[in-house]
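Given the structure of chain A, go ahead and fit chain B onto it with the hints provided.
Same order as they appear, the protein sequences are chains A and B.
For the first sequence, the numbering used here gives the first residue as 2, with consecutive numbering after it.
For the second sequence, the numbering used here gives the first residue as 2, with consecutive numbering after it.
It is worth saying that the hints were derived from the structure and are not from the lab.
Please read these numbers as outputs of a predicted model, since none were measured by experiment.
Errors might be hidden in some of the hints.
Identical chains blur together in the list; that is why a pair holds if it fits in one copy or across any two.
Unchecked claim - In the DSS-like style, the derived pairs of lysine-lysine whose C-alpha atoms are separated by at most 30 Å in a straight line are:
{"hint": "1", "residue 1": "Lys-123", "residue 2": "Lys-178"}
{"hint": "2", "residue 1": "Lys-236", "residue 2": "Lys-107"}
{"hint": "3", "residue 1": "Lys-107", "residue 2": "Lys-208"}
{"hint": "4", "residue 1": "Lys-49", "residue 2": "Lys-178"}
{"hint": "5", "residue 1": "Lys-144", "residue 2": "Lys-49"}
{"hint": "6", "residue 1": "Lys-208", "residue 2": "Lys-53"}
{"hint": "7", "residue 1": "Lys-53", "residue 2": "Lys-144"}
{"hint": "8", "residue 1": "Lys-238", "residue 2": "Lys-107"}
{"hint": "9", "residue 1": "Lys-53", "residue 2": "Lys-5"}
{"hint": "10", "residue 1": "Lys-178", "residue 2": "Lys-339"}
{"hint": "11", "residue 1": "Lys-178", "residue 2": "Lys-5"}
{"hint": "12", "residue 1": "Lys-53", "residue 2": "Lys-339"}
{"hint": "13", "residue 1": "Lys-144", "residue 2": "Lys-123"}
{"hint": "14", "residue 1": "Lys-234", "residue 2": "Lys-123"}
{"hint": "15", "residue 1": "Lys-49", "residue 2": "Lys-5"}
{"hint": "16", "residue 1": "Lys-234", "residue 2": "Lys-374"}
{"hint": "17", "residue 1": "Lys-234", "residue 2": "Lys-376"}
{"hint": "18", "residue 1": "Lys-53", "residue 2": "Lys-235"}
{"hint": "19", "residue 1": "Lys-236", "residue 2": "Lys-123"}
{"hint": "20", "residue 1": "Lys-123", "residue 2": "Lys-5"}
{"hint": "21", "residue 1": "Lys-234", "residue 2": "Lys-53"}
{"hint": "22", "residue 1": "Lys-53", "residue 2": "Lys-236"}
{"hint": "23", "residue 1": "Lys-374", "residue 2": "Lys-267"}
{"hint": "24", "residue 1": "Lys-49", "residue 2": "Lys-234"}
{"hint": "25", "residue 1": "Lys-49", "residue 2": "Lys-208"}
{"hint": "26", "residue 1": "Lys-235", "residue 2": "Lys-208"}
{"hint": "27", "residue 1": "Lys-107", "residue 2": "Lys-178"}
{"hint": "28", "residue 1": "Lys-376", "residue 2": "Lys-107"}
Number of protein chains: 2
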Amino acid sequence: MSVKVEIINIGDEIVSGEILNTNGFTLAQSLSSAGYEVIAITTIGDDKSLIKVSLDTALRRADFLIVTGGLGPTIDDRTNEAVADALNLPLIPNPDVLEYMRAYLKEKGLKPEYEKMVLIPKGAEPIGLEFRACGFKLIYENKYLYFLPGVPDQMAKILRHQVMPELSSTFPGVSSKITTTLNAFGLDEVQIASRMRDILRSFPNVKILSLPQFPEIRLLLSSRDSNELDIVKKKIKERLGLYIFGEGDETLPVVVGRLLRLRGLKIATAESITGGLISDLITNVPGSSEYFERGVIAYSNRAKTEILNVPQRAIDEEGAVSEVVARYMAEGIKRIAKTDLGIAVTGYAGPTAGPEARVGTVYIGLSAPQGTKVKMYFFEESRERIKLLTATNALDWIRRYCLDDTFIYSN
Amino acid sequence: MSVKVEIINIGDEIVSGEILNTNGFTLAQSLSSAGYEVIAITTIGDDKSLIKVSLDTALRRADFLIVTGGLGPTIDDRTNEAVADALNLPLIPNPDVLEYMRAYLKEKGLKPEYEKMVLIPKGAEPIGLEFRACGFKLIYENKYLYFLPGVPDQMAKILRHQVMPELSSTFPGVSSKITTTLNAFGLDEVQIASRMRDILRSFPNVKILSLPQFPEIRLLLSSRDSNELDIVKKKIKERLGLYIFGEGDETLPVVVGRLLRLRGLKIATAESITGGLISDLITNVPGSSEYFERGVIAYSNRAKTEILNVPQRAIDEEGAVSEVVARYMAEGIKRIAKTDLGIAVTGYAGPTAGPEARVGTVYIGLSAPQGTKVKMYFFEESRERIKLLTATNALDWIRRYCLDDTFIYSN
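This is chain A alone, in the form it adopts within the complex (with noise of 0.2 Å):
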């Protein structure tokens, strides 16, 4: 059963770009997580006309609508007169928000110049009172009508508690949509979709969104089928291999705790170029002191030789960012912080770059008991980015070392 709603977001500074509309984000979360499917979100500003144009369009495509905003005390807010407008519906004085204004006025110390407030279309229900905010709900033609306020507090509260609860009873056969993530990195979103075609094909009704968050991808999978969406996502992960780091909310640092931890392993890195990014990283994750052991930043190239004793030679021959001072770098932190697993990095991110190696070059080194593995990366972008770009490398790195340690040896 597809119960269908429109969403309507009204307020001047939501259109002008003052204020990010939060409300649509939390509504539009809400109700398809429910169920329900959102055909629309219109955002519009305090103007009757546009209200009004707005809910016809939604009432002829909606089963039930959630209205935000335009329900205050000021003559920017038009909101009811629209709607009495648009549904033909006369306004009139509703006694319970009269008792409430009443109240709430005297607690305030204020005249009761509010009395607009007080005025909603006729047949309509004041709802959300007891959270000190005036919205109402009516049924017009069969379609319900929900009419919030706009502050994402009070909205949000009055959506938890009164109306979500209202919907399950007035639409009982919805049934929630069941989803899972798989998180990737080290491929594209072309290269993704290309080698999941097929897949896709195959079940129509599990729906796969490809969400990028640079520089990792999220795929979300979604279907009211639970047992086809468990068949999808073991395929998908059976087809992208270890692209796949992990699922729902796991983020690449999680995942490189997890098995850090599982493997019994302590980590130092040593960096450059990412200036301490990886570092960050890795403690944005709680109990990360367990396998995390000390990170250097060897920015200069007196820090390189003093702390990690980089050979001067090395530098003065191959220069800072090469492939054997990266290799130095990464056993340098491995043998001085004495853990199982030394990781540095070494690049230029620009603007500018030395004689050895463009803007983009950066070196990997990966120091483990088994050997040093260390290559050379070229990344076209930002320099910000090529420092996320060079920090999720240096992590994924750690993670296929911790899940194959002939990871080491390869290419």
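Then chain B, alone, in the frame of chain A:
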């Protein structure tokens, strides 16, 4: 002269609340501050008939339209077809897009299966190819229609570098609002509002929005009167004093970098709780290698004693999270890096803490030629927010020291 625009954002992932519609916000903000009147922001799924209806409605009331999303290579992406349908234009392959796509697919080693992206409505002109995106624009019944990709980064770049300049030559009569931004740290929204109240009352034509970007607050001032704007800006800067750290796009690390360079000072970092976040922020700034010498992430106690020469006794007696250890760390990193300044942080970000201090306890230390200052903070926030608050305060210490080196003696 009022020029009206409608924004249509297309994407199943937006109506279903899976991702926040940041494109709508970016567009509303840019267009509105450039002086265009944003009538509506409509968000719909990848549904041909809804796209058609929304285009029809928008074309009736706006002078130009900006549509995002649904241009990709997957079968979900239906914008091109829907546009062709709605405007009754045939889809024809565009030679420029074809050439771009062939090069792209070759580079990625993919089969030529994305031909659909090269089909754009007859008369349309491709845009965004230089940003690796296949958007297009067309003029229909004297209305300007821009179709941009849904990926926020690409969308924002094309908007800024191509669409906005074109619009300003298409609609030369539109006068933009003049806006300016002041960036504050160290006061909360309510504190800032109460300090600015009388200024706001005296200048009703200047609008001020405070946009919290944890842990900083951006104050967005706008007016059509540049004189008034300048006066208000000056008054707010006077009133908030050192709490304003920068203007416009200036981030705190950029300001810190500028001041360190101006004063000819070099710095090194010794981080525990922040795990590299301070140095990561510092090194996000191009040219930071001129003033950032090195960083140490002394996460373990062994790292604190071995690299920074914090006496083991100090850790045993006072705990790793203590004033004395923060002092040793700041002085240690300054000494070993031979820099002018050493900044150090130690604390507990949670979920666990040691016996000497609760989660949220942080010590910041700054060692300078004049001496060493250490201060305790307590942040009641999540792990990542505690890290960010600590790092931001540390950067703010460096800024305040550079502006006035008696900061080292202040409380």
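Checked hints:
1. Lys-123 with Lys-178: neither (36 Å within a copy, 39 Å between copies)
2. Lys-236 with Lys-107: Only across copies: Lys-236 and Lys-107 sit 27 Å apart there, 58 Å inside one copy, limit 30 Å.
3. Lys-107 with Lys-208: between (51 Å within a copy, 29 Å between copies)
4. Lys-49 with Lys-178: Answer is between; shortest inter-copy Cα gap is 23 Å, intra-copy 36 Å.
5. Lys-144 with Lys-49: both (21 Å within a copy, 24 Å between copies)
6. Lys-208 with Lys-53: between (34 Å within a copy, 23 Å between copies)
7. Lys-53 with Lys-144: Answer is both; intra-copy 16 Å and inter-copy 24 Å each pass.
8. Lys-238 with Lys-107: For Lys-238 and Lys-107, only the inter-copy Cα distance (26 Å) is at most 30 Å; the intra-copy one is 54 Å.
9. Lys-53 with Lys-5: both (20 Å within a copy, 18 Å between copies)
10. Lys-178 with Lys-339: neither (49 Å within a copy, 59 Å between copies)
11. Lys-178 with Lys-5: within (14 Å within a copy, 39 Å between copies)
12. Lys-53 with Lys-339: neither (67 Å within a copy, 64 Å between copies)
13. Lys-144 with Lys-123: Within. Shortest intra-copy distance 15 Å satisfies the 30 Å Cα cut-off; inter-copy 41 Å does not.
14. Lys-234 with Lys-123: For Lys-234 and Lys-123, the Cα distance exceeds 30 Å both inside one copy (49 Å) and across copies (40 Å).
15. Lys-49 with Lys-5: both (24 Å within a copy, 17 Å between copies)
16. Lys-234 with Lys-374: Intra 33 Å, inter 55 Å, cutoff 30 Å: neither.
17. Lys-234 with Lys-376: Answer is neither; intra-copy 32 Å and inter-copy 51 Å both fail.
18. Lys-53 with Lys-235: The answer is neither: 48 Å in one copy and 37 Å across copies each exceed 30 Å.
19. Lys-236 with Lys-123: Neither: 55 Å inside a copy, 40 Å across copies.
20. Lys-123 with Lys-5: Only inside one copy: Lys-123 and Lys-5 sit 25 Å apart there, 34 Å across copies, limit 30 Å.
21. Lys-234 with Lys-53: neither (44 Å within a copy, 34 Å between copies)
22. Lys-53 with Lys-236: neither (48 Å within a copy, 36 Å between copies)
23. Lys-374 with Lys-267: Within one copy only: 17 Å inside, 34 Å across.
24. Lys-49 with Lys-234: Intra 48 Å, inter 28 Å, cutoff 30 Å: inter-copy only.
25. Lys-49 with Lys-208: between (38 Å within a copy, 17 Å between copies)
26. Lys-235 with Lys-208: within (14 Å within a copy, 54 Å between copies)
27. Lys-107 with Lys-178: neither (45 Å within a copy, 39 Å between copies)
28. Lys-376 with Lys-107: between (58 Å within a copy, 24 Å between copies)
Hint compliance for this structure: hints 1, 10, 12, 14, 16, 17, 18, 19, 21, 22 and 27 are not met, and every other hint is.
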